[in-house]
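A.B. asks: Construct the entire structure; sequences and hints are all you get.
Chains as they are written, first to last, in my numbering: chain A, 1 to 115; chain D, 1 to 112.
By construction, these hints were calculated from the structure, which means they are not laboratory data.
Hints should not be assumed to be uniformly reliable.
Pulled from the structure, derived: some chain A residues nowhere near chain D, Cβ distances all over 12 Å [as the list claims (entries may be wrong)]: (1) Gln6; (2) Lys13; (3) Asp28; (4) Glu69; (5) Lys70; (6) Asn84; (7) Gln85; (8) Glu103; (9) Thr113.
Derived CB-CB ranges, DEER-like [to be verified]: (10) D:Lys78 - A:Met88: 19 to 29 Å; (11) D:Asp81 - A:Glu69: 41 to 51 Å; (12) D:Lys111 - A:Gly40: 21 to 31 Å; (13) D:Asn62 - A:Thr115: 41 to 51 Å; (14) D:Glu10 - A:Arg111: 18 to 28 Å.
Just so it is clear, the structure is predicted and the values come from calculations on it, not from any experiment.
The beta-carbon is built from N, C-alpha and C at its ideal position, and this holds for glycine as well.
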Amino acid sequence: DVKVTQSSRYLVKRTGEKVFLECVQDMDHENMFWYRQDPGLGLRLIYFSYDVKMKEKGDIPEGYSVSREKKERFSLILESASTNQTSMYLCASSPAGTGGAYEQYFGPGTRLTVT
Amino acid sequence: AQTVTQSQPEMSVQEAETVTLSCTYDTSESDYYLFWYKQPPSRQMILVIRQEAYKQQNATENRFSVNFQKAAKSFSLKISDSQLGDAAMYFCAYASNYQLIWGAGTKLIIKP
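C.D. replies: Dropping the structure here:
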């Protein structure tokens, strides 16, 4: 079974802090994704990566950056956390290929609160 | 740009009954994939069912089936013999290049 893990289930940070969210997958997937989930808005893509050291902006990249130094690990960085970044953050991975590229496997999520 | 609309924020169904969740999408592409994902309370998002647009036959996975109407750009999910474990948020998603475009979700409540 594919396993995607995230470093924390719950996180509370102060405004202005630098925040790191870590995601690790164990299935050698090429693609990795970071989403933000808010009620009534579904999932919105922040960044994705289709290879090591590669990254692409999603729909809402402002205020975020990412790092992918190893194939299995994809980090989301909030450079200076703000209260409007309070949300659930979901990491996902998928294999390369036309069909398989779209079947994404998700981590349990990190609920981040910025005070 | 592609969009996905789930018009039912919340649905409820009696245990053992059948329920249908609606999803419409907008696209100018002819070949694409559609998905239904399930997110149980405090648990991970998992894939329920997938439909490839070039296939006319509706996808089925056990108690879950879809009604895919390509011309109408409609992709509804039918859950038969609803069980308490089906209670979750259900998301419809459209695949475009590497990305999934998501609907806002429908919360499904199962009444015992």
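A.B. asks: The structure should be examined with respect to each hint, and the outcome stated for every one.
C.D. replies: Structure-based check of each hint:
Here Gln6 (chain A) does not stay apart from chain D, with its beta-carbon only about 10 Å from theirs, under the 12 Å limit. With 12 Å as the threshold on Cβ separation, the claim that Lys13 (chain A) sits away from chain D holds: the shortest Cβ distance comes to roughly 21 Å. For Asp28 (chain A), the non-interface assignment is confirmed: its Cβ lies about 17 Å from the closest Cβ of chain D, beyond the 12 Å cut-off. Here Glu69 (chain A) stays apart from chain D, with its beta-carbon at least about 20 Å from theirs, past the 12 Å limit.
Residue placement check: Lys70 (chain A) keeps its beta carbon more than 12 Å from all beta carbons of chain D (closest about 20 Å). At roughly 19 Å from the closest C-beta of chain D, the C-beta of Asn84 (chain A) stays outside 12 Å, upholding its exclusion from the interface. Once the 12 Å rule is applied to beta carbons, Gln85 (chain A) is consistent with being away from chain D; the minimum gap is 19 Å. Remark: the non-interface label on Glu103 (chain A) conflicts with the geometry, its nearest Cβ contact in chain D lying 6 Å away (cut-off 12 Å).
Interface exclusion of Thr113 (chain A) from chain D stands, the closest Cβ pair being 16 Å apart, more than 12 Å. Between Lys78 (chain D) and Met88 (chain A) the C-beta distance comes to about 28 Å, which sits within the given range of 19 to 29 Å. In this structure, Asp81 (chain D) and Glu69 (chain A) meet the distance hint of 41 to 51 Å, their C-beta atoms being roughly 47 Å apart. Look at Lys111 (chain D) against Gly40 (chain A): about 23 Å separates their beta carbons, and that is inside 21 to 31 Å.
With their beta carbons about 44 Å apart, Asn62 (chain D) and Thr115 (chain A) fall inside the hinted range of 41 to 51 Å. Taking 18 to 28 Å as the suggested C-beta distance range, the pair Glu10 (chain D) and Arg111 (chain A) conforms, at roughly 21 Å.
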